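Q: If you read the sequences in order, they're chains A and B.
For the first sequence, this note's numbering assigns the number 1 to the initial residue and increments by one for each residue that follows.
For the second sequence, this note's numbering assigns the number 1001 to the initial residue and increments by one for each residue that follows.
By construction, these hints were calculated from the structure, which means they are not laboratory data.
Among the clues, some could well be false.
As the list claims (entries may be wrong) - Straight line, CA to CA, 20 Å or less: simulated EDC-like cross-link-like pairs of lysine to aspartate or glutamate:
id, chain 1, residue 1, chain 2, residue 2
1, B, K1133, B, E1107
2, A, K68, A, E173
3, A, K191, B, D1193
4, A, K191, B, D1074
5, B, K1020, B, D1266
6, A, K191, B, E1094
7, B, K1177, B, D1028
Claimed, not checked - Chain A stretches covered by chain B per the calculated footprint, using a threshold of three residues with CB under 8 Å from any CB of chain B:
id, segment
8, 10-21
9, 192-206
Treat the numbers as computed from the prediction; the structure is a model and nothing was measured.
Glycine included, each C-beta is placed from N, C-alpha and C at the ideal position.
Residue-level listing of the chains:
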Amino acid sequence: MSTARNAGFISARRLLLWSGIVALCAWVLVPIYLVALGALGGRSGVYQWPKTILPTNVSLQPFILFLKTEGVFQSFLNSLGAAGITVTLSILLGAPAGYALARYDFRGKDSFRLLVLLTRAFPLAILALPLTVSFIRLGLYDTVVGVGLIHTVLALPFAALVTQGIFLGVPRELEEAAWVFGCTRIQAFFKIVAPLALPGLVATAVFAFVISWNEVFAASVLTVRHRTLTAYLLTVLSESPMHYRFAGGLLLILPSVVFIFAVRRYLFAIWGISSK
Amino acid sequence: MTNIVIDNIRKSFGPFQALKDVSLTINDGEFVSLLGPSGCGKTTLLRIIAGLETATSGDISIGGRSVIGLPPKDRGLAMVFQNYAVFPHMTVYENVAFGLRMQKADEARVRKQVEKAAGLLHIEPYLDRYPNKLSGGQRQRVAVARALAVEPGVLLMDEPLSNLDALLRLEMRTELKTVLQSAGTTTIYVTHDQTEAMGLSDRIAVVHDGRIEQVGTPVEIYNHPATRFVGGFIGNPPMNFITMPVLAGQVAIGSESFSVPTSSGDIVLGLRGETVERAPSGQGLEMQVRVAEPMGSHLLLTGSILDQPARVILPATETVRNGETVGLTLDAKRVTWLSPEDGVSYPAAA
Ligand SMILES: Nc1ncnc2c1ncn2[C@@H]1O[C@H](COP(=O)(O)OP(=O)(O)O)[C@@H](O)[C@H]1O
Ligand SMILES: [Mg+2]
């Protein structure tokens, strides 16, 4: 009697779990699928209704054309540059901050964590004008470095908080053992903590990369000629036929997806640790 | 000379006092255990000695030199951590060699020392493995080997056997004793397990609530506990405490009377359960036996003496029925008298 009820309860839970999983997957995958459909379906496929499950008369032409578009390659390089700066700075500044948060008790630690999060609370749109003005003054306007700096501001809080979780995951006792057996704090960090935190740091770096790669607002406002790929496409594609836009969109998603897929194991590790 | 002098160490965590004026001297080559229940401050004291924690006040010197303010690496000691703290990204060999590498020892010496330590702890077959391929007992050995390989003047161990199962613990305990005796290292060993402390130590410091209650050889501490806490914590079954009235400096037990160190009022008799003998019927200290358990090697009696709970041990050859009243003969030299007010024992009769 009670076992039967129990079984019913368990299957209801399973049902809930699976419908949750399906809903989440749909949330992420359906838009990507529609974009892909639009990109592959050619000029007519975009407007076709009802949609077919698989694209009819597939053509790669929009992609090729897109890649050949003038300025795409240059802005691709700009994007890489900005993302490179973002990754370097957010690891260089974020990891020590995360380490300090993980290992030291200091006055105002909680306020510091809050402050770090608050930087994300300012809508970039409000800051756009003053930023533009000061960037022009500093000579950073319309430069890859400038965009990289702004993206660092966006990625840094994330980097600090996630690396905190990663460093918390390295047992303090290991570091203390290193001190006892002859290491200075710095030596212990590089010999023990860094190697053990490396996978997590790599994942953080990739996330910083993705944040910079996908960011479009700041990049559009702060550049005119030296645009990043997203910003460049935003201007170019708004004047192109629909299926080119879809092709551009699909190509833009690809690097992030590939990156995230490559480090997915480490991402699970971060989530596991930082949700503790 | 690597003696250790701990002088009036205090440690507070906020309002909480973890250590209250702890002083202890450990001689060169001596093996001293810090024994006490969990949470009494043993680890904190060990970490202060190692330099992993800073004392609120007080001084520590190792080999005649104050080490307050020195980083751990400059204190000339090695440590075995409670959870081993074996480096997961290094092979067993590299783990054991770690301290020597940090001392920039040449390759020949590293190899020699690692092989020696690995030999002592029987871990030669695993030298090329990573720690995640080892069992708890093997990791434990690696942690000890890593500490011995540097031939430290001082070895600190924090409950090194607590994560092992009972059989392995017994085996490792015997091995540790052999290994450490031959090394002649000044050792401080933290444990909450009295059998470990009794078996391994030259002297034991019993820690309770941030204070050292008593320091002495295992036998001293066992026979003449300085406080009620020590008597109750050490020994299995724990010491019995029976409050009795004193008349003119004498306590009457059965037909005998014992002279005690106080003249009137009450006194507490501290009685080790295995120091009694069965008295001829109608004589001695009367015990109402509630349960008699034949344990094979001995007979364990649980019941009450003067309406106070008591446990005593008689030879296995005796037979006692549940509910029976037995008379017990005491050995005046093996009892401890304690003050009923503060639970401190009177000095042993000369
Ligand atoms: N970093 C710390 N912050 C606050 N309290 C602590 C800290 N470390 C230890 N304590 C407290 O100090 C007391 C002694 O701890 P510890 O030395 O670890 O005990 P033991 O090793 O004897 O079990 C405990 O009550 C513990 O909660
Ligand atoms: Mg402890």
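Q: For each hint, tell me whether it holds in the structure or not.
A: Going down the list of hints, with the structure as the test:
no.: 1; hint: B/K1133 x B/E1107; in the structure: violated, 26 Å
no.: 2; hint: A/K68 x A/E173; in the structure: violated, 56 Å
no.: 3; hint: A/K191 x B/D1193; in the structure: violated, 35 Å
no.: 4; hint: A/K191 x B/D1074; in the structure: holds, 18 Å
no.: 5; hint: B/K1020 x B/D1266; in the structure: violated, 30 Å
no.: 6; hint: A/K191 x B/E1094; in the structure: holds, 12 Å
no.: 7; hint: B/K1177 x B/D1028; in the structure: holds, 17 Å
no.: 8; hint: 10-21; in the structure: violated (count 0)
no.: 9; hint: 192-206; in the structure: holds (count 3)
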